[in-house]
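S.K.: Heads up: the sequence lines are chains Y and V, in that order.
Sequential numbering of the first sequence, starting at 1, is according to the working numbering.
Sequential numbering of the second sequence, starting at 1001, is according to the working numbering.
Keep in mind that the hints were calculated from the coordinates and are not lab data.
Bear in mind that the values here come from a model prediction, so they are computed numbers and not experimental data.
Any given hint could be a false lead.
Under the rule of at most 20 Å between Cα atoms (straight-line distance), these lysine to any residue pairs were calculated in the SDA-like manner [as the list claims (entries may be wrong)]: (1) K263(Y) x A1083(V); (2) K76(Y) x D87(Y); (3) K1294(V) x K1246(V); (4) K15(Y) x S117(Y); (5) K266(Y) x G1258(V); (6) K243(Y) x M1035(V); (7) K254(Y) x K1136(V); (8) K1089(V) x K76(Y); (9) K243(Y) x K1150(V); (10) K1089(V) x E258(Y); (11) K243(Y) x R1034(V); (12) K109(Y) x K76(Y); (13) K243(Y) x A1037(V); (14) K1136(V) x E80(Y); (15) K1123(V) x L1015(V); (16) K1089(V) x V270(Y).
What follows is a list of derived Cβ distance ranges for each label pair [claimed, not checked]: (17) S1115(V) x N102(Y): 39 to 47 Å; (18) S1161(V) x V78(Y): 50 to 58 Å; (19) S170(Y) x R1082(V): 39 to 47 Å; (20) D207(Y) x S1291(V): 39 to 47 Å; (21) D207(Y) x A1152(V): 36 to 44 Å; (22) A1120(V) x G91(Y): 49 to 57 Å; (23) E1112(V) x E9(Y): 21 to 29 Å.
In this text, a Cβ means the ideal position worked out from N, Cα and C, and glycines have one as well.
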Amino acid sequence: MISNPRIVEIERIKKENDDIKTFFVRIEDKPEPGNYVMLWVPWSKGKSKRIAIEPSDQIPISISSFKRGKIGLSVKNVGETTNALHDFEPGDRIGITGPLGNSFNIRGKKILIVAGSVGLSPLYFLSRVASEMGKQIYVIYGVNSKTELFLIKELEKIAEDLIITTDDGSYQKKGCVTDFLSDFYDISKIDSIYSCGPELMMKKVLDFSLKKNVFSQFSLDRYIRCGVGLCGFCAIDGCRVCKDGPVFTSEQLKGFGEFGVVKRSKSGGVLRL
Amino acid sequence: MGGIDLSINICGIKLKNPAILASGILGCTSGILRMAAESGAGALTTKSISVEERHGHRGPILIEPMHGVVLNAFGLPNPGYRAFMEELKELEDINVPVIPSIAGRNYEEFVEVSSAFEDAGSKILEVNISCPHSEKGYGGVPIIAQDTEKTAAIIDAVKESVSIPIIVKLSPNVTDIVEFAKVSVECGADAVSAINTIEALEVDPILERPVLGNMIGGQSGPSIRCIAQRKVADIAIAMKRKEIKKVPIIGIGGIRSGEDIARFLLLGAEGVGIGSSILYDDLDTFDKAISGLKDLMREKGYKKISDFRSNALEWMI
Ligand SMILES: Cc1cc2nc3c(=O)[nH]c(=O)nc-3n(C[C@H](O)[C@H](O)[C@H](O)COP(=O)(O)OP(=O)(O)OC[C@H]3O[C@@H](n4cnc5c(N)ncnc54)[C@H](O)[C@@H]3O)c2cc1C
Ligand SMILES: Cc1cc2nc3c(=O)[nH]c(=O)nc-3n(C[C@H](O)[C@H](O)[C@H](O)COP(=O)(O)O)c2cc1C
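Make a model of the complete structure from these sequences and hints.
M.R.: As structure tokens, this is what we get:
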């Protein structure tokens, strides 16, 4: 049973940076870190009158936090629907289907988070839950440039150690997250790795974790349409990211010929990464 | 096998069992189609494929307003036949028949896509003339399968250009589905499948707007099974009465269990299509339904499907 999207009021909006806003809405079911929702941006705002037919679309967004019945959805403005959503105000209504998908499996005592860009969202939720469980959290977080960073203060509170990398060197270390993986791993004696971000970054993290033989999980990005495993458009090899994922283990990914190589367009056609 | 033979034959193509994956479900990429094959389906129908790539409609594209009531308005997204051929190549080694489904806006497009599949080695095609929401929004224009002349023109053109058998997929959104089955068969359809989704609409009372991104869509799932059974029976009865030449019927709509499959076979269907139920039993759907069918047959002492096919139809003739 997937029901209609549940219409909820946006209770609060937090501007994280120029491109990312976190929208807080009430939800009925308790989410697990790694879950996502299908977020319907109906573009009729709080009022019932139609403002415009388009853009109205439903997009997958990971849950970035859960507190007292409310989830946070940290959305980067990258295109039509996310742009429309960024114009919404508290009190405006959106539709939520979910929580959907599988979740991270928190293992070991010392966990390493490797995040790229807005891929930090599900990993931030994971870090909070893991921290409450008494795990030690180590974070490597990379963006192109300083202005894209978000949730830094929050991460500083829960992480034993936090390395931030920027491609242009505008903040902390210049380079990409994978440049620092090895040092960090050896010093901190990590038990498990969790990663989300650009796929080519995750591919490097996968290669690293396979070499070190450490338990690791990755949250994947594919074009999700139905969100419930029926249409098959988000398939990677034989798995549906929307239902069998979005979280996959290194053991699964090493058998995927498409990981780090191709993804699918909106029409289901092959796109080289 | 326990001495039970579930095999069927559709236009010379042998299926190990009558449960076919319906078009549009899991049907666009080779990896997941392979999983469907491994999960026990007797054949796989692909997503409907057109000449050019299509992006489909905006979301929400799939909702379930009440249990068993599934509404979708995908808008036939697909990568176009040239790209899709690469997916088909990946499936050459599976030993489950693949039925490409073809779609188009006019007969030239249907001909182009069907010829391409025949050239690529396909042994059978399904011609989808019945998607109720392939065009954008509320058009009010009848689709091909709601117009006997357009239906005839498409089937004539496809039959003239390919020599492999074709299954014509009919729409329930007509006054008399038998009329459309008749036109299809007269134009040379080698089989018919029924039904495609039923025209439907859902409204959100808070936002005061239609829920589907495309506003209107088509209903499927368990809620349409009895409607589909009636449509299949209507066609089968007309064939029994020799008002239409007899061709295989593939019954589709809301099928979930072995008993559901039996219901359609009892109404004269040669095989069945299963789609929306994958929402509930996922990839186990085929395995469960097929073993359910076997159990039922064993209980009744049937050894093969022809031992009971059309038995329920006899009451209505
Ligand atoms: C499991 C999952 C979790 C995600 N979590 C987040 C998150 O927490 N925060 C966040 O900012 N983004 C997240 N994304 C990405 C987000 O879904 C896209 O950025 C969003 O859909 C863009 O919509 P748009 O209409 O604004 O962009 P468009 O103008 O439509 O396109 C811009 C880009 O977004 C991608 N995109 C568009 N629609 C979809 C779709 N239905 N599914 C996947 N990708 C799409 C396109 O491929 C394109 O590259 C997630 C994606 C997935 C698959
Ligand atoms: C998500 C979805 C996509 C579909 N796409 C197609 C399609 O591309 N071509 C087609 O002929 N039928 C399509 N259909 C219709 C199904 O093949 C089937 O006829 C209908 O859903 C009834 O069967 P069901 O109740 O088992 O789903 C689609 C149905 C659904 C639910």
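S.K.: Looking back at the hints listed earlier, which ones does the structure fail to meet?
M.R.: Violated hints (numbers, rising): 3, 5, 7, 8, 9, 12, 18, 21, 23; every other hint is consistent with the structure.
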